[in-house]
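Taking my numbering, I'd label the letters of the sequence shown as residues 9 to 291.
Since the hints were made in silico from the structure, they are not lab data.
Bear in mind that the values here come from a model prediction, so they are computed numbers and not experimental data.
Idealized CB from N, CA, C, for every residue including glycine.
Check each hint, because a few of them may be wrong.
Distance windows between CB atoms, simulated [unchecked claim]: (1) GLY205 - GLU263: 15 to 25 Å; (2) THR166 - GLY86: 51 to 61 Å; (3) ALA170 - LEU284: 11 to 21 Å.
Here are the simulated lysine-lysine pairs, BS3-like style, with alpha carbons at most 27 Å apart [what the hints assert, rightly or not]: (4) LYS96 - LYS273; (5) LYS273 - LYS154; (6) LYS101 - LYS154; (7) LYS154 - LYS96; (8) LYS249 - LYS273; (9) LYS154 - LYS249; (10) LYS249 - LYS101; (11) LYS249 - LYS96.
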Amino acid sequence: MTFLATACASPPPPSAPAATPPPGVSVSLAQWRSDEPVHELQVAVRNTGDTSVYFADLQLVSASFTTLPPQRADAAIGRTERTDLPIKYGPAKCSPQGLPQVRPATVVAHVRTGSEALREVVFSVPHPDPLLARLLRDECSEFLVKQAASIEFGPEWTETDAEFGSGAGDGASRVMRGDLVVTRRGTGAVTLNDVGGTTHYIVTPESRPLGTLAAGARRLEVPVELSPGRCDPHAFAEAKKAFLFPVRATVDGGEERVVIVTPPKPLQDRLIAYALRACGLPG
9 MTFLATACAS PPPPSAPAAT PPPGVSVSLA QWRSDEPVHE LQVAVRNTGD
59 TSVYFADLQL VSASFTTLPP QRADAAIGRT ERTDLPIKYG PAKCSPQGLP
109 QVRPATVVAH VRTGSEALRE VVFSVPHPDP LLARLLRDEC SEFLVKQAAS
159 IEFGPEWTET DAEFGSGAGD GASRVMRGDL VVTRRGTGAV TLNDVGGTTH
209 YIVTPESRPL GTLAAGARRL EVPVELSPGR CDPHAFAEAK KAFLFPVRAT
259 VDGGEERVVI VTPPKPLQDR LIAYALRACG LPG
């Protein structure tokens with residue numbers, strides 16, 4: 009069972025100094041497919057005891073991520089194999105010198121066991137946590153590329169016949185054609201090696217590698233075509249990552265990094281309307 013979490017509007021309630029967790033209660037971290045776009049994860053709570061434990065709020069604390077204020081949980085958890093409590097996590101702490109190693113993490117919570125008073129407890133997260141390591145790596149990889157250049161969807165997109173490839177997913181005979189735009193920010197030659205599709209769209213570039221923003225250049229436009237990846241109504245209803253396009257890039261021939269590029273909302277709306285039309289589905 010999942011409970012909604014929101015940021016506390018007021019300071020945490022008074023409690024005794026931080027203490028060890030109640031007997032039989034432990035936490036781990038998880039992330040659902042719908043969590044990643046909103047920078048959220050799940051604190052998976054397990055209670056093997058017979059006494060219910062009330063969680064007033066939760067907070068992820070790690071030197072690898074900006075610490076956010078405690079977030080309200082308001083959940084009473086009895087004996088359970090797993091109950092997920094969602095919380096937001098802060099931006100990764102990245103460095104222009106390279107990818108950092110993930111640091112230890114804890115979950116700080118205000119809890120009440122049975123009829124006891126509310127108290128602050130600290131749950132240790134086994135280190136290194138693979139989820140936090142992946143989130144740190146992905147966010148800081150993106151950070152390193154963005155130091156050199158931004159990668160964005162261009163403003164002009166046109167529905168037309170496919171040119172670069174088949175360009176058609178299920179039921180689609182036409183494509184949306186436009187550009188990925190690379191704009192200089194820092195130093196170094198930025199090469200776009202590839203761009204991947206999403207749960208919703210196939211991406212067909214003109215060539216692979218897509219192109220290189222030379223060290224002295226200010227702007228690069230890379231033409232690509234988008235077409236629906238699936239045309240069943242279920243795909244449209246469940247497209248939680250429809251617009252998170254992974255672009256694989258290098259700076260000065262270094263290690264390949266992944267940058268997630270998201271089109272602006274007006275273009276997202278156009279792409280949805282196009283995909284429904286191309287698939288012969290009602291808008």
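Hints numbered earlier in the text: which of these fail when held up against the supplied structure? none
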